[in-house]
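The listed protein sequences correspond, in order, to chains A and B. Anchor point for the first sequence: position 50 equals 49 in numbering that gives the first Met the number 0, and the numbering is continuous, going up by one each time. Anchor point for the second sequence: position 199 equals 198 in numbering that gives the first Met the number 0, and the numbering is continuous, going up by one each time.
I should point out that these hints are in silico values taken from the structure, not numbers from a laboratory. Don't be surprised by glycine CBs; every beta carbon is placed ideally from N, CA and C. Accuracy of the hints is not assured; some may be wrong.
To be clear about the criterion: a stretch of chain B counts as covered by chain A if any three or more of its residues have a C-beta under 8 Å from a C-beta of chain A, and this derived list gives those stretches [claimed, not checked]:
id, region
1, 39-48
2, 62-73
3, 132-144
Think about it this way: if two alpha-carbon atoms lie no more than 25 Å apart in a straight line, the pair counts; the simulated PhoX-like pairs of lysine-lysine are [claimed, not checked]:
id, chain 1, residue 1, chain 2, residue 2
4, B, LYS31, B, LYS205
5, B, LYS199, B, LYS131
6, A, LYS5, B, LYS131
7, B, LYS199, A, LYS5
8, B, LYS205, B, LYS131
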Amino acid sequence: MDNFIKNCIILLVVCTALMCVLSYIGYISGAEMGGTDAAVEETAAETRGLEAEGIIPSVEHFGDMGEYVGFTLAGIVGGFIFGYFWIDIKGDNNA
Amino acid sequence: MHISDGILSLQWNAIWYVIALIFIAFGIREIKQRTSEDPSYMPLLALMGSAIFVIAVWHIPVPVTGSCSHPIGTPMSAIIIGPFATVILSTIALILHIFLAHGGITSLGANTFSMGIVGTFVGLGTFLLFRKVGASIWLSAGFAGFVGSVMTYITTAFELAISLNPDSFFQQWMIYSLGFIPTQLPLAIAEFIFTAAIVKYIVDAKPEIFKKLGGVVNG
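Just chain A, same shape as in the assembly (with noise of 0.2 Å):
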């Protein structure tokens, strides 16, 4: 394991640590912890009262889980393309 690896792997988890903590405060202090981009497009839209609408079929459709699937899915699809192409870049230390 090179040094980029153990990097990654102690940067992934102080993320996800930090993530968790951030979101339990949140939580604890009964805060919606909703998105910035749509609470001001809505405080937006109110003032012509207009309503967003989703054209395209998304994740939303199949409710909390469905997001929390498709988030999940969209990190480890990304994460995949973003190492294949690592290795192909930086050159593979094993080879």
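Using the hints provided, position chain B relative to the given structure of chain A.
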């Protein structure tokens, strides 16, 4: 910066689409040119594409404001692979984000303009400016991420205000910007950290990537 369908007027959606398409055309040219010069540019594009896709939809909780949001990743990509190619990658990422309930097909031009064009070019401009005054690579890259991130959301606020509130445009622009800033500021700091770290790491580990790309880092 993910504006949904049904929010912006038809006229403004069309304007943002036209602007985005101009940059996309330059992006296709940049990708074709660089790929023909160096085939290893293609895996670098795929790498940055997947990074932008994940970073720009990766919601980070900000308990201080009781909300969450995400960084953008385009300033980092602009420094590593070039600005016009980054516009293409961010457009592809934004299309995929629609399936994750972020953004919309009619507002794709507006979202590409804020994240793909403003985030990219302001970020890269900041990087080059800092390099020109002698700042180190990590500091220049960090500020590129920070400024690019903040400007992306100020642009989104601009897009909302100019389309929805043309009569009180300036006032609403400020209001929407202030709606974004408390959550985006901590995330812009996160964008500073990872942009600085990744660019510095690549410069140290694989400096030839930057040499091939026209010496932006040394410029």
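Handout entry: Numbers of unmet hints, in rising order
Key = The structure breaks hints 3 and 6; every other hint is satisfied.
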